[in-house]
Amino acid sequence: MVWLSSRWRIALMVAPAIIVFTGLIVYPVIYSAGYSLTDFAGFGDPVFVGLKNYIDLWNDPFFWSSLRNTLIILVVSIVVLVPSSFGLALLLRRRFPGGGALRALVFAPAIIAPILIGLIWVFILDPKIGMLNHFLGWLGLPQPEWIGGNVLTPYSVALVFIWSSVGFAMTIFYAGLQQLPGDVIEASSLDGASGWKQLLYVTVPLMKESFAIASVLLITNVFKIFELVYVLTNGGPVHRSETLVSYMYFITFTNQQYGSGMALAVIITVLGAVVSLAYLLVLRGRKSE
Amino acid sequence: MSSAVQTAPTATTPTPTPVPTAARERRRRKGGIIAAVAAYLITFLVLLPIVWIVLLSFQSSSKILSNPLDLSSLSLTNYVHALTSLPLAQMYGNTILLAVVSVTIGTAISFMVSFALTRMIFRRRRVQSALRFYLLAGLAVPVYILLFPVYRLDLAIGVFGSYAALIIPYVGVSIPFNTLLLTGFLRDLPSEIEEAAIIDGAGLSRLIWSVVLPVMRPVIATVLIFNVVYVFNEFPFASILINNPDMVTVSLAVSQFQGQYSIDYGGMMAAATLVLIPQLVIYAIFQKQVIAGMTVGAVKG
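Going line by line, the protein sequences match chains A and B.
Under my numbering, the residue at position 233 of the first sequence is numbered 233, and the numbers go up by one with no gaps.
Under my numbering, the residue at position 26 of the second sequence is numbered 1026, and the numbers go up by one with no gaps.
Take these hints with a grain of salt, some might be off.
Said to hold, decoys possible - Derived list of chain A stretches under chain B, where covered just means 3 residues or more per stretch with a C-beta under 8 Å from a C-beta of chain B:
no.: 1; region: 25-37
no.: 2; region: 69-76
no.: 3; region: 101-113
no.: 4; region: 214-227
no.: 5; region: 258-272
Note that these hints are calculated values from the structure, not bench results.
This one's a predicted model, so the numbers in the text were calculated from it and none came from an experiment.
Glycine included, every Cβ here is placed at the ideal spot set by N, Cα and C.
With the rest of the complex left out, here is chain A (with noise of 0.2 Å):
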């Protein structure tokens, strides 16, 4: 294809996606760094300041109430999300009648609007109006607090969350056994090894970069819930059921503190770029495989 990869021609393909990608991605990053650095609030012209926004958020008790809450999400999410998603791939696997339209429907809830997801959840979990404590009250149980309170919020988010993802990771889960070879399975099931042993010791040892990508993605997910808490709760009470995204908003565009809210948003890129970048050495160790 040589004669037709001139000059001209590659800049008119490569230069409107280089040309947006910069000015929408690349260039706010870079800016969004540099504010973070100054006093700005909106308006007037920028003071900087430092290190003094990071040095703040360090002091403030609503930024680490905001990452236990995200580290919970993250941490309860995980242990019941991966386990549980791979057990449906496993269990959908099977020929069945309907299986295909159980799968589908499995993966509903991950394609509804997460602002949507929250609305409806809002009147299974709230103590007044929710179903669940209705129906608590209804056996005769005690009624939480599910959300809105001090202590149970984050754990109701990463219950909606787990929800909205199962169906999510299933699929990858079940891509994953799909390409399984199944002459292996086939030789450790003619050699004895049945049920739990040839899953712990044959299947689960075969599918761990599906294992490595599931986890990665939900991780990533978990950094970027956002309209669950802003819907749920909206943060409260006084700011404690904050994430990092719910908080950073409410820094920057309800408190109009936009050079703290920028420090933030750094922060929490760091931490997705960490985790991303975890992600892409996963990656490049399968592919030199």
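Fit chain B to the given chain A structure using the hints.
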């Protein structure tokens, strides 16, 4: 079913190793039934919240507050309320307009750059792989760091509050993922047909329109679906860059339910159902493509 399980051992007795095979077969079948029941049960539990919202949308607001579990007196009143107060046509019209324009531009420029980065011959090959890496690095950038700079950018170029205010970031945000899928697909695609077309005298535009694009139809469908789903679900940009009530998008309208219907919970549920159902119907139509695309995206990394 149970009779089949019982007759299995006698049917297989003549074979050399009858007992273990029959026992394993029986265990496998029993396991199959248990797995099917478990899968149905889990799917039911996953769908329960959606079913619950649809049921509640027929319930009166006072009942929702006092006893939501009592579903004895359901009516359509909430829908009458929701349909009159919710700008359904407007929010869908706005969202579809945004989706069509931004997804078309985003897919087109992502395709152009992906084609150049995998098929055209750069004088320096390093530039080619460096540019690809540059675009893919965008996958690591969370949209939240972009919100404020894009807000300032929109103000500076004077598009704040217009459709362009959202179209511009939607196009930008879609480039890394589109490039990932499209370059991944193009790399695996053999280039013999293209070479043949060039020898037959096809120019660049002819080559792309008549040879490359038809072959790429499945992956382009996947890219389109993912981008449309993104635009329909997108909330953070819309909440900041749109200040005009006439330009409300689906996500924005949903976020305003809570304010608008602060006491009218039934109306809120009906409104949620009215947004939920089209999403689920569209998904039902395209579910094979959505799941196939997700698998490609996840497995190819």
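Going through the hints against the structure:
1. 25-37: holds (count 8)
2. 69-76: Since three or more residues must qualify, the claim that chain B covers the region 69-76 of chain A is violated, with 0 doing so at under 8 Å.
3. 101-113: holds (count 11)
4. 214-227: With 6 residues close enough to chain B, the hint holds.
5. 258-272: Coverage by chain B holds here, the residue count being 8 at a Cβ distance below 8 Å.
In this structure, only the earlier hint numbered 2 is contradicted, and the remaining ones agree with it.
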